[in-house]
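Visitor: One-letter residues, chain by chain:
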Amino acid sequence: MFFHWLEKNPFFFALMVGLVISFAGLIEIVPNFAKAARPVADLKPRTVLELAGKNVYVKDNCIACHSQMIRPFKSETDRYGEYSLSGEYAYDRPFLWGSKRTGPDLHRVGNYRTTEWHESHMKDPSAIVPGSIMPKYTHQYTNIADLETAYAEAVTVKNAFFVPYGPEFKRTRAAWEAHLPKVLADAKAIADDMKDEDVKKAVANGQVPEIVALIAYLNSLK
Amino acid sequence: MQSNAALEYDYTVAKLFTYVTILFGFLGMLVGTILALQLAFPELNNLIGEYGTFSRLRPVHTNTVIFGFTVSGIFATWYYFAQRVLKVSMAESKFLMTIGKIHFWLYFVGALIATISLVFGISAGKEYAQYEWWVDIVIVIIWVLWGVSIFGLIGIRREKALYVSIWYYLACFLGIAMLYLFNNMSIPTYFATEGLGAITHSVSMYAGTNDALVQWWYGHNAVAFGFTVPIVGMIYYFLPKESGQAIYSYKLSLLSFWGLMFVYLWAGSHHLLWSTVPDWMQTMGSAFSVVLILPSWGSAINMLLTMKGEWNQLAENPIIKFMVIASTFYMLSTIEGPIQAIKSVNAIAHFTDWIPGHVHDGVLGWVVFMIMASLFHMAPRMFKREIYSKKLMNIQFWMQTTAVVLYFTSMWVAGITQGMMWRAVDEYGNLMYSFIDTVTVLHPYYTIRGVSGVLYISGFILFAFNMYKTMTAGKELSEEPQFRTPMA
Chain L
1 MFFHWLEKNP FFFALMVGLV ISFAGLIEIV PNFAKAARPV ADLKPRTVLE
51 LAGKNVYVKD NCIACHSQMI RPFKSETDRY GEYSLSGEYA YDRPFLWGSK
101 RTGPDLHRVG NYRTTEWHES HMKDPSAIVP GSIMPKYTHQ YTNIADLETA
151 YAEAVTVKNA FFVPYGPEFK RTRAAWEAHL PKVLADAKAI ADDMKDEDVK
201 KAVANGQVPE IVALIAYLNS LK
Chain S
223 MQSNAALEYD YTVAKLFTYV TILFGFLGML VGTILALQLA FPELNNLIGE
273 YGTFSRLRPV HTNTVIFGFT VSGIFATWYY FAQRVLKVSM AESKFLMTIG
323 KIHFWLYFVG ALIATISLVF GISAGKEYAQ YEWWVDIVIV IIWVLWGVSI
373 FGLIGIRREK ALYVSIWYYL ACFLGIAMLY LFNNMSIPTY FATEGLGAIT
423 HSVSMYAGTN DALVQWWYGH NAVAFGFTVP IVGMIYYFLP KESGQAIYSY
473 KLSLLSFWGL MFVYLWAGSH HLLWSTVPDW MQTMGSAFSV VLILPSWGSA
523 INMLLTMKGE WNQLAENPII KFMVIASTFY MLSTIEGPIQ AIKSVNAIAH
573 FTDWIPGHVH DGVLGWVVFM IMASLFHMAP RMFKREIYSK KLMNIQFWMQ
623 TTAVVLYFTS MWVAGITQGM MWRAVDEYGN LMYSFIDTVT VLHPYYTIRG
673 VSGVLYISGF ILFAFNMYKT MTAGKELSEE PQFRTPMA
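For the record, the sequence lines run as chains L and S.
Each residue of the first sequence is one higher than the one before, counting from 1 in this note's numbering.
Each residue of the second sequence is one higher than the one before, counting from 223 in this note's numbering.
Since the hints were derived computationally from the structure, they do not count as laboratory data.
Every value quoted in this text rests on a predicted model; they were computed, and no experiment measured them.
Cβ atoms here follow ideal geometry from the backbone N, Cα and C, with glycine treated the same way.
Just so you know, not all the hints are guaranteed correct.
As the list claims (entries may be wrong) - Distance ranges between label pairs, derived from CB positions:
no., chain 1, residue 1, chain 2, residue 2, range
1, S, L536, L, R38, 51 to 59 angstroms
2, S, L527, L, N111, 54 to 62 angstroms
3, L, E82, S, I557, 34 to 42 angstroms
4, L, A41, S, K473, 55 to 63 angstroms
5, S, I270, L, I144, 15 to 23 angstroms
6, S, T662, L, E168, 45 to 53 angstroms
7, S, Y241, L, A41, 53 to 61 angstroms
8, L, K182, S, T669, 44 to 52 angstroms
9, S, D501, L, V40, 13 to 21 angstroms
10, L, K188, S, I557, 51 to 59 angstroms
11, L, E177, S, T234, 50 to 58 angstroms
12, L, N159, S, T662, 47 to 55 angstroms
Using the sequences and the accompanying hints, generate a full structural model.
Guide: This is the structure in structure tokens:
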């Protein structure tokens, strides 16, 4: 019998296992790569500041409690806005849909929350939303966001995956230094809407606290 | 060739992995218990600054129990039973012995560094695949070393036919290798530019919906090939060895194994129901999840029927008790999963606490119970001493079983409550509850879960203590026990 023979021939056994377990991936996943990755019309890649904010979102692992996936149910569109479309995620690396809603969905949080709201909320969530079990993220007001890494990420996805960043995005340090003032201007625009004096001062000195980048990212979720 | 009877197995590497299984088990469960308590009592979040928040600690918990506890449990049992079913000793090959030791030390040091990287928030952002590219490289090397061990030992075996457990461990090796490699494909941004930014950072090769598909093909099947396949392999070896009963049916083993191999991989997309993944993939995921009941229950029933006519052992031997209840929790969790994968049920269950509830009846009730039972069986044979205390084992068993039941019942109620409240509308069709109402209502269930966590880890501490005492103070054995493990 075939299986008895297989059990005495480890190489062919392993080969058979390999074959049997690869079917699903080949049939279920590969076809989707051609189509679903296309961006919706007018989708803009994230700015460097927003990308840095996305990296703060990943670093503090907001995904543990917040989804970014509005399902096509009336109860969800009433609560969070229009349901999510595949093409809206076309530039998201990694995807941040999440798998648990200990807190609310954030896919369109930029439509109904403001910079001021986030600033007070991240400092002390239960002061803004009584009963909230979200931790305080006070360290984001003092930790400095890593803008250079965010720039490197933008350049990498531009070169590797043709994400439409402008011609000024280049691999060199000089290009980064030329781009930095633009990032700092974006940061200042956010900081202007904030109350925290230390944050404003830091941004003015060219040091952008994580909270500023994170708010830029959250505001971009629309 | 020497005769089989004279063969002395060498447990050096198995012992090393046994110690770290216990260590990582304790650490992973400790962090898990802290997380459970943080949800009930949020003040616990800000005790050690940014390093102690729920969000930062959650990957530490998941990765420590997956890649720390479970994987070292898999390695420990492999280095123990593989020699015995292949009828070859590790001591016969200097090369394999060296590889085994390097495998262990690289694994141990790598696991510590990996854990620390997560505490500092160095993360690739995908669930259960947070490790950044440089940690991934170390993990790949560790996995390859294990592969060399597996195929090396198989290469010099005396027993020509591979026992069922070996099939499962081989599948674990191949499956995890494939999944891990594809899902973690990423480009380090430092090297893709002129050395800009952090060297530790990388960006995923896949974007958006594609990334989600690859991730849950991985996420779901890491459970398959980490939490199911090798654990089934364990029970196929340790249950007959402990009970003295032959496996009930070879045909059922065969059917369940190949069935599991083929069906499991398809079910990954049930994590993405109602998302932006194409509808036919969602339906496929749903359908195959239901089919998955067959091979899962096939193995579990094969195990339960193995005990046919010997049920008295369940009362007499706590190791059998652990294994039988493990198969039972496996059945519970493999019927619960498919139920959650039905689209209409998933609409309520997804994003709620029912999902962690499901994960934990599988992991706490099946994976951890099986690994502990295996180590209990191995200890007297590796250290040539009796189990230190049967009484402690029984206390531990009931503490932990109670804990698992508390965990999943509280999370069932919490999850369904939450799911129903999110969608509840009043007579005018307006949403009835603001989001925060659906959070505060869960406090009692979160508290029960916290209690369950404390109970479970207390049981695990008893296990660790019992194992330690067995190694150091158990009554010495003059010869290896044949089936039932001797215990004081």
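Visitor: None of the hints should be skipped; say for each whether it holds.
Guide: Each hint tested on the structure:
no. : hint                                  : result
1   : L536(S) x R38(L): 51 to 59 angstroms  : 58 angstroms, holds
2   : L527(S) x N111(L): 54 to 62 angstroms : 58 angstroms, holds
3   : E82(L) x I557(S): 34 to 42 angstroms  : 36 angstroms, holds
4   : A41(L) x K473(S): 55 to 63 angstroms  : 57 angstroms, holds
5   : I270(S) x I144(L): 15 to 23 angstroms : 20 angstroms, holds
6   : T662(S) x E168(L): 45 to 53 angstroms : 49 angstroms, holds
7   : Y241(S) x A41(L): 53 to 61 angstroms  : 58 angstroms, holds
8   : K182(L) x T669(S): 44 to 52 angstroms : 50 angstroms, holds
9   : D501(S) x V40(L): 13 to 21 angstroms  : 18 angstroms, holds
10  : K188(L) x I557(S): 51 to 59 angstroms : 57 angstroms, holds
11  : E177(L) x T234(S): 50 to 58 angstroms : 55 angstroms, holds
12  : N159(L) x T662(S): 47 to 55 angstroms : 48 angstroms, holds
Hint check: no violations occur; every hint is consistent with the structure.
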